[in-house]
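Participant: Chains as they are written, first to last, in this note's numbering: chain A, 1 to 363; chain B, 1001 to 1363.
It is worth saying that the hints were derived from the structure and are not from the lab.
Straight line, CA to CA, 27 Å or less: simulated DSSO-like cross-link-like pairs of lysine-lysine: (1) B:Lys1178 <-> A:Lys293; (2) B:Lys1167 <-> A:Lys304; (3) B:Lys1341 <-> B:Lys1243; (4) B:Lys1167 <-> A:Lys323; (5) B:Lys1167 <-> A:Lys345; (6) B:Lys1335 <-> A:Lys290; (7) A:Lys360 <-> B:Lys1167; (8) A:Lys5 <-> A:Lys360; (9) B:Lys1254 <-> B:Lys1341; (10) B:Lys1027 <-> A:Lys337; (11) A:Lys181 <-> B:Lys1335; (12) B:Lys1167 <-> A:Lys337; (13) A:Lys337 <-> B:Lys1178; (14) A:Lys129 <-> B:Lys1357.
Here's the letter readout for the chains.
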Amino acid sequence: MADVKLKNLTKRFGKVIAVSHLDLEVKNGEFACILGPSGCGKTTTLRMIAGLEKQDEGDVYIGDRVVNDLSPPERDIAMVFQFYAIYPGMTVYDNLAFPLKQRKLPKTEIDTQVKETASLLQINDILNKDAISLTAGEKQRIALGRAFVRKPQVYLLDEPLTNLDAGLRAVMRVELKRLQKEIRQTTIYVTHDQLEGMSMADRIAVMNLGVLQQYGSPDSLFSNPSNLFVAGFIGTPTMNFLECTYREESGRAKLVFDSFSLDVNRYKEIIEKEKQSEDMVLGVRPTDIKIEKERTEDGLIQAKVDIIELTGDESIVDLSVGKNIVRSVVPRRFPVKHDEKVWLKLDLNALHIFDKHTEKAIL
Amino acid sequence: MPKVVLENITKRYGKKVVVDNLSLEMKDRAFTCLLGPPGAGKTTILRIIAGLIGQDKGNIYFDHEKVNDLPPAKRDVAMVFQSFALYPHLSVYDNMASPLKKKKLSHSQIKRKIEEVSDILGISHLLEKPPALLSGGEKQRVAIGRAIAKEPKILLMDEPLSNLDAKLRLHMRVEMRKLQRNLNITTIFGTPDDIEALTMSDNIAVIKDGRLIQYDSAERVYDNPRNLFAAKFVGSPQMNIIKCVLEREEGTTKARFSAFMVDLSKYSDCLKDFSSGEELLFGVRPSDITILTNRTARNEIEAQVYTLEPWGADTVVNLRVGDDIIKVKAPSTLKLDADQKVHLEFSKEAIHLFNAKTEETIL
Chain A
1 MADVKLKNLT
11 KRFGKVIAVS
21 HLDLEVKNGE
31 FACILGPSGC
41 GKTTTLRMIA
51 GLEKQDEGDV
61 YIGDRVVNDL
71 SPPERDIAMV
81 FQFYAIYPGM
91 TVYDNLAFPL
101 KQRKLPKTEI
111 DTQVKETASL
121 LQINDILNKD
131 AISLTAGEKQ
141 RIALGRAFVR
151 KPQVYLLDEP
161 LTNLDAGLRA
171 VMRVELKRLQ
181 KEIRQTTIYV
191 THDQLEGMSM
201 ADRIAVMNLG
211 VLQQYGSPDS
221 LFSNPSNLFV
231 AGFIGTPTMN
241 FLECTYREES
251 GRAKLVFDSF
261 SLDVNRYKEI
271 IEKEKQSEDM
281 VLGVRPTDIK
291 IEKERTEDGL
301 IQAKVDIIEL
311 TGDESIVDLS
321 VGKNIVRSVV
331 PRRFPVKHDE
341 KVWLKLDLNA
351 LHIFDKHTEK
361 AIL
Chain B
1001 MPKVVLENIT
1011 KRYGKKVVVD
1021 NLSLEMKDRA
1031 FTCLLGPPGA
1041 GKTTILRIIA
1051 GLIGQDKGNI
1061 YFDHEKVNDL
1071 PPAKRDVAMV
1081 FQSFALYPHL
1091 SVYDNMASPL
1101 KKKKLSHSQI
1111 KRKIEEVSDI
1121 LGISHLLEKP
1131 PALLSGGEKQ
1141 RVAIGRAIAK
1151 EPKILLMDEP
1161 LSNLDAKLRL
1171 HMRVEMRKLQ
1181 RNLNITTIFG
1191 TPDDIEALTM
1201 SDNIAVIKDG
1211 RLIQYDSAER
1221 VYDNPRNLFA
1231 AKFVGSPQMN
1241 IIKCVLEREE
1251 GTTKARFSAF
1261 MVDLSKYSDC
1271 LKDFSSGEEL
1281 LFGVRPSDIT
1291 ILTNRTARNE
1301 IEAQVYTLEP
1311 WGADTVVNLR
1321 VGDDIIKVKA
1331 PSTLKLDADQ
1341 KVHLEFSKEA
1351 IHLFNAKTEE
1361 TIL
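Bound-form chain A, shown alone:
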């Protein structure tokens, strides 16, 4: 077990900069996730940690060692590409032994490793059971356990759940997270799926176009995104973005939109201090917009119901506000109709304001 540090890591492929001046620190025992859309540099970063790709600049530390010049086996890492289903009709023992047999290890070695893994997973008492008799959770624990049979310094996981169906993926997420907490091995997990990152990782590094955008806990990324990219990438349905102009009207700070304005005087000091121009983007999550049937107070925004989407226990309501479309999430039985005129109340404690040009968060 060891911590992992990346210092000023840069990788180019021809003229394309795949990873640019990346600094990242994963603590010993931590579950970190590198998250981003395709082409963001996440897999390249993982491959540089593994030693499968050599960086053009910068250093990779595993523990206190700089491992730049070490081959992948010398780095003592384990790379997991995919989790496989487990085979019914075979005992748990044979399921665990299967990948080791394929690697043609001697029998005694296999036996030692299987038993070690079993105690790690706390499944010694079911080793001789047929896998078919296990619960879904137990099965997946064993599938994961097979990948975790060695005890290297660091586990590197590259979208291991991608090829599983949605139901199994949900079970695997739970078991993987729990297992990682129990065995406390440093784990770095790469994915493009924000929900996977959010639901499993202690900290998430969001990357875009080779550049680290933000590194923090799932809660901090959701509640305090540092720029427009992170704000738009984390959370579903996505955050609403509305372009606006900052203005002072009779001493009060306001954001002016095409069809309404919003009093943000409580944030005047921060905005005045941070702003670089008057052009801003207001960000507000669909869960932070309430729909009112009547104009119950001042400051509500008039809107018209456009589309109602049932998603299960909730509905997503698309509303036209001037030229913009705003999304709100409401309980499913919330009584609104297509084309109905309603009033919107934004949660002023949950507003995000971004600079339109730098795209950085002001608030």
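Chain A is fixed; fit chain B onto it per the hints.
Facilitator: Just chain B now, kept in the frame of chain A:
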């Protein structure tokens, strides 16, 4: 616009039955979704409706007209494929014009039609470009534009959103719903994604192994799944399914779980065919369970936090209850620690029961 009626449709590929005696009446002008996992037969059904492949048995009617023997061109349907299937060497304009030329429309008619459709879809600025220069969402809109420009009576779509990234999918869901409403066209849509089905369709046909499992409004499929498969396939996070044993004593009817009991006396009518000691499957959606951090008198279900999955505004809490793991969707404002002990309360109106052998719905 006609309704589409499938009557006892069967299709085999060699010995494999892909569509199995399927009957379905899809309403005119409605948005009907064929929902099922890969391999369920959705694409085959769409292709049979389009006339691209012939059924082995059964009849297809558009309104009251039997169309079994009509070739695709005479059926007046348009199909949008998952891969978009645009001609790479033709401009967007020529892609859209090609089915219209086949219909022998004049140049000016074609021009007017394409202008009208591209205006609706917001692709007027792309008409001169080749498909290679378009983004995924733009290609998809062009494919839809090509399909609707020829003014079909029926629009068939085979997973048109599957090749788009998550954010765009969310956007296109709404766009397609609006478009369908404006065009007022009978639309049949195949997808493996339950959220797409719930959000977009008027009616959902749940299909598995070529057979119709349930055909109902989106709300009813969610609230009253016909069997275990439909219950597990629709809704995210998935419905909790927990094994229990029916117990009858002194006039009460109860379900015994590994670590608690649930009183089912008020459902004793539905359960009269089941004897004491028989195994049942109990279903409850994660949004229909409340976590209580203080014990109340009426509550007996003790649980321990297994893992927490922050999803943003909500947290999916996985709890260990006896031998079972139960998922609960809770607001992220509820702060819990790993291994914390809590109590659970099921919303009584929202419980489901399934026959453990047949997997049919009891309640």
